[in-house]
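Asks: What follows is each chain in one-letter form.
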Amino acid sequence: MPDNLPAEAGAQSSPGETVRRSGTERLLRSIRDVVIRGGPVIALLLLSAYLTSATPYFLTESNLANVGRRTAVTAIFAIGQTFVILTGGIDLSVGAIGALAASVSAVLMTQQVTLFGVTVGPVDFGVGLLVALAVGVVAGSVNGLLITKGRIPDFIATLGTLEAFRGIALIVTDGLPVPSHLTATELKGYLPEQMIAMGSGSILGIPTAGLIAIGIAILAWAVLRYTALGRSTFAVGGNREAARVSGIKVDRTKIAVYVVSGFLAAIAGFLLAGRLNSANALMAGEENLNSIAAVVIGGTNLFGGEGGVFGSVIGALITGVLVNGLNLLNVSAFYQRIVQGSVIVGVVVFDQWRRRRFGA
Amino acid sequence: MVYQEFSLVSSMTVAENIFLGQYPRSRLGLIDWREIHRRAEESLSALGVDIDPRAEIRRLNVAEQQLTEIARILTKQPRILLLDEPTSALSDTERETLFDIIRRLQARGVGIIYISHLLDEVPEVGQRVTVLRDGRVIGTLPVEQTDRDTLVNMMVGRRLAEQYPKTVVEPGETALRVENLSLDGVLHDLSFEVREGEILGIFGLMGAGQVELARILFGLEAPTSGRIAIGGRETRLRHAAQAIKHGMGLLLRDRRASLVPMQPIPPNITLADVSQVPPFRFLNLQKEAETAAGYVRDLSIRPPSLKRPVFYLSGGNQQKVCLARWLFSGVKILIVDEPTRGIDVAAKAEVFALIDRLAQRGVAIIMISSEMLEILAMADRILVMRAGAFTAEFKRGEATQELLLQNAS
Chain A
-10 MPDNLPAEAG AQSSPGETVR RSGTERLLRS IRDVVIRGGP VIALLLLSAY
40 LTSATPYFLT ESNLANVGRR TAVTAIFAIG QTFVILTGGI DLSVGAIGAL
90 AASVSAVLMT QQVTLFGVTV GPVDFGVGLL VALAVGVVAG SVNGLLITKG
140 RIPDFIATLG TLEAFRGIAL IVTDGLPVPS HLTATELKGY LPEQMIAMGS
190 GSILGIPTAG LIAIGIAILA WAVLRYTALG RSTFAVGGNR EAARVSGIKV
240 DRTKIAVYVV SGFLAAIAGF LLAGRLNSAN ALMAGEENLN SIAAVVIGGT
290 NLFGGEGGVF GSVIGALITG VLVNGLNLLN VSAFYQRIVQ GSVIVGVVVF
340 DQWRRRRFGA
Chain B
258 MVYQEFSLVS SMTVAENIFL GQYPRSRLGL IDWREIHRRA EESLSALGVD
308 IDPRAEIRRL NVAEQQLTEI ARILTKQPRI LLLDEPTSAL SDTERETLFD
358 IIRRLQARGV GIIYISHLLD EVPEVGQRVT VLRDGRVIGT LPVEQTDRDT
408 LVNMMVGRRL AEQYPKTVVE PGETALRVEN LSLDGVLHDL SFEVREGEIL
458 GIFGLMGAGQ VELARILFGL EAPTSGRIAI GGRETRLRHA AQAIKHGMGL
508 LLRDRRASLV PMQPIPPNIT LADVSQVPPF RFLNLQKEAE TAAGYVRDLS
558 IRPPSLKRPV FYLSGGNQQK VCLARWLFSG VKILIVDEPT RGIDVAAKAE
608 VFALIDRLAQ RGVAIIMISS EMLEILAMAD RILVMRAGAF TAEFKRGEAT
658 QELLLQNAS
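Heads up: the protein sequence lines correspond to chains A and B, in order. Letter by letter, the first sequence follows residues -10 to 349 of our numbering. Letter by letter, the second sequence follows residues 258 to 666 of our numbering.
Please note that a few of the clues may not be correct.
Part of the chain B face toward chain A, derived, beta carbon under 8 Å [said to hold, decoys possible]: (1) 285; (2) 288; (3) 448; (4) 477; (5) 479; (6) 516; (7) 520; (8) 534.
The calculated label-pair distances, taken between Cβ atoms and stated as ranges, are [said to hold, decoys possible]: (9) A:138 with B:264: 32 to 42 Å; (10) A:191 with B:511: 51 to 61 Å; (11) A:164 with B:511: 25 to 35 Å; (12) A:291 with B:513: 41 to 51 Å.
Simulated from the structure, these hints should not be mistaken for lab results. For every residue, glycine included, the Cβ atom is placed at its ideal position computed from N, Cα and C.
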């Protein structure tokens, strides 16, 4: 077959050429890349360095473990949120899903429940965990189905389910913390110790929740980078119409990211309840905004198509370290909110400027 | 500045768009709507067009939108006017009106930079021609000293003996058969077939239903009635993924609707294949990068970076990425809709060469175009479409520009 097409191709540079560079040049370039792209990482390092010098309590094992446990929960919420935001959506119900999942499983693990004439419980830790995850998946599917089949904007759909999920959680818990002295059966008046260990224990000195968050982050990164689902996620957020004409099942992808978000929210809620040794219907109230802030600080584009989970983890760390530092420095809780808000806006302003100045 | 792609707010009216950001005020400081509509009508009639200033932009066709855009720029009384492919959506008469206006403006002392890839337009409006290629100035000549060949030569950097490199291919089996296809109010009882290795041209003026036809064939829209058989088997496509599975490809007229702009070349090339894979199957990124590098080299996509988002590529190179996607997916039937809209001469020739190469491999090609020259040169058979129905069919060599136009309008 005559292949007369790329007649002048040889004269032009080949793809390999852009990669070939001398060592120093490459080093300089990568330093520049880190400075330009790694804004959040640098912000985190600077913040930690400052707190280390400003207070002797920051760099202590117990404090860092504390930061790790708190941040882990936000980070897991934020990882799920990253999937959703990458498709151009937003999930306002993550906190509510976390609370609902934790409440349902905590109730089942501490009380006897009679449903349709069948009495169950208190169930084992393993069953409780599975129930929590199932609640997350179902709640996520509800979000996804409302948005795709119901054709409702993501924002509205999850705003609605946020309220509904909280309501269900209130019904399940009767508005009481679980376990409470009013509802606990004589069989079990406390959450399973494995759950508490997940939330507040350590393995080799590292908070278990932190390890779980790291594991989830790596898994999520691999899914986004190496699987067809990851590709679809970026394609749907980057250009919905292009994804559609390339055969990507847009609706299915959207449902999948909301299921991922719901599933991870359930894990995060479960860990949070374990750390607090208590679940209640209104817990994790700030996690919606915290998770969105972490995603945005981490450099994921709110309109979709660009970003990744590690940025979100760094974003969660920045907010976590910041709150911790302000507490250590005895800043009043009122001023803390101003500082937090300013940091979120500041990081995003910097990020936008960087994008305009240096390209993506 | 008149952009090639529009910068109108589609939910606002024509008049609102024309005065966007500088609405005339009444004495109370409120927007003077009567004045707006009066002046909008004035500036539109100065262009010699009949568009209702109260119509919403999204209800207008592309040509009307383009004219609105031009009207908007002219109301600003610019001293230097930059027009980027302003005629790409205009009919011949509308184009003449625009040229008249340009000449009038020129007489008034307005400096005009007119960017075009249509060589015939250049001597009509220009005094001097500057040719750019790959971001470099190749040369500037007074318009009297240029003819088509010199210009093409400058633009391509080599003699373009083969701008339309069509080789004769013996058509094979029927690849796609369409019977009595209809879409309410848009398409009426269309029947045709395409064979392997054949290039079927579908010619029609804008809005004759070609876009809808392409979308139906590719499973993006459902027809009201009719049958489609792919490779001899009747098929009902409900989703683009099914069309791709059946070996179909679609090159949209709007490249931006085919590409994921902030992703680099490799994921854009493999997107159609990735859609065929179960969600949790792992992708071989190494192999993907190698494949993409191969296409970049083969199709001379420039700049040849595998990391840069395709957003930054030129139109021609974006189009090559789109084509590479279908080359990679191994198409058997490829629908190309205005494949050369808004790309330069050299890239056009490369796109045609690719289409020809695909036809040689036995790919059935449906080429939808409103550019008569390219459809006459490339197609083995031409169907002329008017208002959603076929009005004529020509074999290669039978048709002329006059015949095409007569049947299309």
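Asks: Each hint should be assessed against the structure and marked as holding or not.
Replies: Hints, one by one, checked against the model:
The interface hint given for residue 285 (chain B) is violated, since its Cβ lies 37 Å from the closest Cβ of chain A, which is over the 8 Å cut-off. Because the smallest distance between the Cβ of residue 288 (chain B) and any Cβ of chain A comes to about 30 Å, over 8 Å, the interface hint for this residue is violated. Of the supplied interface hints, the one on residue 448 (chain B) is violated, with its beta-carbon coming no nearer than about 25 Å to a beta-carbon of chain A, more than 8 Å. For the restraint placing residue 477 (chain B) at the interface with chain A, the shortest Cβ-Cβ distance is roughly 7 Å, inside the 8 Å limit, so the hint holds.
The interface hint given for residue 479 (chain B) is violated, since its Cβ lies 14 Å from the closest Cβ of chain A, which is over the 8 Å cut-off. Because the smallest distance between the Cβ of residue 516 (chain B) and any Cβ of chain A comes to about 6 Å, under 8 Å, the interface hint for this residue holds. The beta carbon of residue 520 (chain B) comes within 6 Å of a beta carbon in chain A, closer than 8 Å, and the hint placing it at the interface holds. With a least beta-carbon distance of about 4 Å to chain A, the hint placing residue 534 (chain B) at the interface is held under the 8 Å criterion.
Distance hint for residue 138 (chain A) and residue 264 (chain B): a CB-CB separation of about 35 Å, consistent with the stated range 32 to 42 Å. At roughly 56 Å, the beta-carbon separation of residue 191 (chain A) and residue 511 (chain B) lies within the given 51 to 61 Å, and the hint holds. At roughly 54 Å, the beta carbons of residue 164 (chain A) and residue 511 (chain B) sit outside the given window of 25 to 35 Å. Taking the beta carbon of each, residue 291 (chain A) and residue 513 (chain B) are about 21 Å apart, not inside 41 to 51 Å as hinted.
The structure shown violates the earlier hints numbered 1, 2, 3, 5, 11, 12.
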